[in-house]
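Please build the complete structure, drawing on both the sequences and the hints.
Per the UniProt record's numbering, the sequence shown starts with residue 1, numbered consecutively.
Certain hints may be false.
Stated by the list, open to error - Calculated cross-link-like contacts (lysine to any residue; reagent style SDA-like; alpha-carbon spacing at most 20 Å):
1) LYS2 x TYR133
2) LYS159 x ASN84
3) LYS107 x GLU135
4) LYS102 x VAL137
5) LYS225 x ILE83
6) LYS322 x THR250
7) LYS102 x ARG3
8) LYS330 x GLY341
9) LYS232 x ILE274
10) LYS286 x PHE201
11) LYS265 x LEU234
12) LYS353 x SER205
13) LYS211 x ILE47
14) LYS106 x ILE47
15) LYS225 x ASN295
16) LYS357 x LEU35
Rather than coming from a laboratory, the hints here were simulated on the basis of the structure.
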Amino acid sequence: MKRILVVTHWYYPRNVPRAFRAKELVHELRKNGYLVDVLIGDYKQFISNEEYSDKLLENREVSNNKVAKFSNNRILSMVKNMINYLVGDRFILTTGTYLYNKIDVKKYGAVISIGLPFYVNLITALKIRNTKYHECVTISDWSDPFYENNDTKVAFYFKNLQKITCSTFDYITIPTEAATAYFKEYAADSKIKVIPQGFDFSKTSILNYQKNARVTFAYAGIFYKEIRNPEKLLEALSKLDRDFVFVLYTITHGSIYTDILLKYKEILGNRLQIHGLIPREECISKLSTMDFLINIENSTSNQIPSKLIDYALTKRPILSFKQDEISLEKIISFIDGDFTGSLYIPLEKFDIKNVGKQFIELVEGKEV
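Structure follows, in structure tokens:
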């Protein structure tokens, strides 16, 4: 059976979508008999198939204290943004060399690089380009687009770097059909394959829903200034003469938190509850007790939040809208229990068994 290298920055127990993507894929490939080594940039750790166990990583320190220190300090935050603008990801400075030296393309039947961060795909591409006469199948997995992402500002030369990166791999995998047009500018159409985020649904548990005494709805995930900004939603809610509880599970640091969330906490009082991010399975369980869920759509169709899969697993109605297209009438309808127009998510295609099968077809040289 082929040996596969999965290169990723984020991994378990990090509570971020790319960590979920990497872990679920590694587990599914191993279940199918593949020998999977994992190279993790965040931890600067290489784990061979023979020694792999989630227990090796359970005690990893994954708090956001350092990130909070940066994002709560405007000067440090500006410095970080400037570095990211020039080098794409600050991680390339701290971890890029480590990844490059650890990738041995000739040892593997396939290499799967999981971005973002962009530097993971870039460094893997550089190592592939500098490795002659290999027979390795190379796959570059993407979440959101990197260059011209509305919430990430990077220098103009990253357009060419992204094109070089994408052209290096045998396949480019993206999570949504809507992003295909974007990636056609960077890779041949035949290379682009749509493979959605995948999860093992058998491990998910939800609670029995009972209508809340006060109408309670929730949002779980990260807010962004440009593509997923909660300000207009909170302003609309502040104008409602209704009793409700809006529960947030999000990042409790940075400008969105200090300038927007705390501001509306004062206005809405106990109608707004703000909590930090919690582990995915725990979050799904808590969301399953809500009367309905809120989804703020990304400003472009290139990006689809992975949390929508988690929302669908809760079996609760989903009120979805773009940040600039908020309908007070629709919000009131949902608060009143009329869930007409609730967003439907077909879960079958996100089952890790189906997702893993699509990656295996690429690894084995078959078309998806």
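Right, here's what the structure says about each hint:
1. LYS2 x TYR133: OK: LYS2 and TYR133 at ~18 Å, within 20 Å.
2. LYS159 x ASN84: 14 Å, holds
3. LYS107 x GLU135: Given pair LYS107, GLU135 holds - Cα atoms ~10 Å apart, limit 20 Å.
4. LYS102 x VAL137: Between LYS102 and VAL137 the Cα gap is close to 18 Å, so the pair holds against 20 Å.
5. LYS225 x ILE83: 19 Å, holds
6. LYS322 x THR250: 18 Å, holds
7. LYS102 x ARG3: Distance of about 15 Å is within 20 Å: holds.
8. LYS330 x GLY341: This hinted pair holds, its Cα atoms lying about 9 Å apart.
9. LYS232 x ILE274: Answer holds: LYS232 to ILE274 is near 17 Å, not above 20 Å.
10. LYS286 x PHE201: 16 Å, holds
11. LYS265 x LEU234: Holds, at about 9 Å.
12. LYS353 x SER205: The hint holds at about 18 Å.
13. LYS211 x ILE47: 46 Å, violated
14. LYS106 x ILE47: 17 Å, holds
15. LYS225 x ASN295: Holds: LYS225 and ASN295 sit about 15 Å apart, inside 20 Å.
16. LYS357 x LEU35: 16 Å, holds
The structure is inconsistent with hint 13 alone, although it conforms to all the rest.
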